[in-house]
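Place chain B on chain A using the hints.
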Amino acid sequence: MQRSPFPPPNAKSPELFHPRPQHISQVPHLRSPPLPNQPQQQPPVNSYGNPYGSPPMQQGQGGMENAYGQQYVNGFMNDPNAQMGLQIGKSAMMTGAHYMEQNLNRYVSVSALKHYFNVSNSYVVRKLLLVLLPWRHRPWTRQQTRLHAGHDGSSPQYSNMYLPPRDDLNSPDMYIPIMSLITYILLSTVLAGIRGTFRPEILGSITTTSIVVIVFELLILRTAIYLLNITNESSLLDLAAYAGYKFVGVIVTLFLSEVFTGGRGTNNWIGWAIFLYTWNANSFFLLRSLKYVLLPDSSNDPALRGGANYTMARSQRNARTYSLFAYAYIFQLICMWALSREDGVAASVLGRANA
Amino acid sequence: MLFLFGFGKLIYISVLLLNAIAVLSEDRFLARIGMGRSAMAQENVGFGGPRQDPESVKSRLVNLISSIRMVTRVPLIAANVLIIVYEILLG
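Here the protein sequences come in this chain order: A and B. Sequential numbering of the first sequence, starting at 1, is according to this note's numbering. Sequential numbering of the second sequence, starting at 1, is according to this note's numbering.
With the rest of the complex left out, here is chain A (with noise of 0.2 Å):
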């Protein structure tokens, strides 16, 4: 299809006599082809249509070059050499992005991960009041969808498919955690630099603590879950999500301490105080939310249990009951207390005068 001159061959331009660069330049620019009547010198277009300038097309671009010069009047997507590079271009991009694809989906599941992130605002604000003061709420239950796979002639069978956070506040999610991860590791710097001991390192030692910390948690709820024989499929990331939660306690602990003691750090009785609030209420979020993972499902339909239909023994409940008050307690007092330990301003400096 031809197109005609952009405007009208007898239009003139104005005389201008600021420098024109003489170089070819190599970077694509998005702009429509130059005008066929032009006194002056204008770099050549180089635009594929493509908005990523990428770099395996260098005989495109060298065909480019040499037919500007006889190409350029009827539009330069007519230029076979232009077209040749395009299709090179687009066959490396979707190649590269399914090898990527293939390669990520071994490791991690996206559309799991998509799960995770399906949040909105007021879910966001809701989850950490939750998170801070889980007094009061009610029910606890992650709502199910339940998908029919009707076969004819045998009862329907129910899916058990979560809801994502977006619709239902008790589900876990990954947005929480992460951002009150990165929040923990930037407050804690700020912290440090407030008080005249920061060093580029901390960055790094701050992460790998917090990092190890939440691999260490797993490996023990993992641990747990063998050792007491729990068959409920409790995905990794959703106990990843719930041991997220706790830096957000962490957060506020570090944050109120600093602001209402003046910088005296948290080894004080107001640091102490607050501590212990956000750790009760850590603590009890977690015992409440962790009851459907770790105790055996207590609703009547049998449908819903996903085929788990035994009676367990007295014993097993009761340890059952106290590995998880266990682990929702004193192991996240532990996990807590590693995180916010913080020195007064006075004690780091004499520290760093004596050293």
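In case anyone wonders, no lab produced these hints; they're calculated from the structure. Small disclaimer: the values here were computed from a predicted structure and weren't measured. Where is the CB? At the ideal position from N, CA and C, for every residue including glycine. It is possible that part of the hints are untrue.
[To be verified] Okay, the calculated beta carbon distance ranges per label pair:
| id | chain 1 | residue 1 | chain 2 | residue 2 | range |
| --- | --- | --- | --- | --- | --- |
| 1 | B | E26 | A | H137 | 37 to 43 Å |
| 2 | A | R166 | B | N80 | 26 to 32 Å |
| 3 | A | G263 | B | L10 | 27 to 33 Å |
| 4 | A | R199 | B | V81 | 46 to 52 Å |
| 5 | A | Q102 | B | E26 | 43 to 49 Å |
| 6 | A | G193 | B | L10 | 25 to 31 Å |
| 7 | B | Y12 | A | A97 | 39 to 45 Å |
| 8 | B | L61 | A | L218 | 43 to 49 Å |
What follows is chain B alone, placed relative to chain A:
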């Protein structure tokens, strides 16, 4: 320990703990305190069949410990040699 992004101490700790689990003697120690694998098999004969065998905490713990020992025996040799060489060469 310099080049491991701060995981050096962590690797040392985990290797030392795994060593501690791996060197426990099966017949001299674990059987004495009732954690040997043969002890579980003998209990079975008495009951006439595994009743709550794979479900009690103790049997699962025994299984877990012995499988950890069996799996990490060879890689631990390699890890220990690496760490020893590292310590000798680089102080």
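Point to revise | Hint check, failures only | key: 1, 2, 4 and 8
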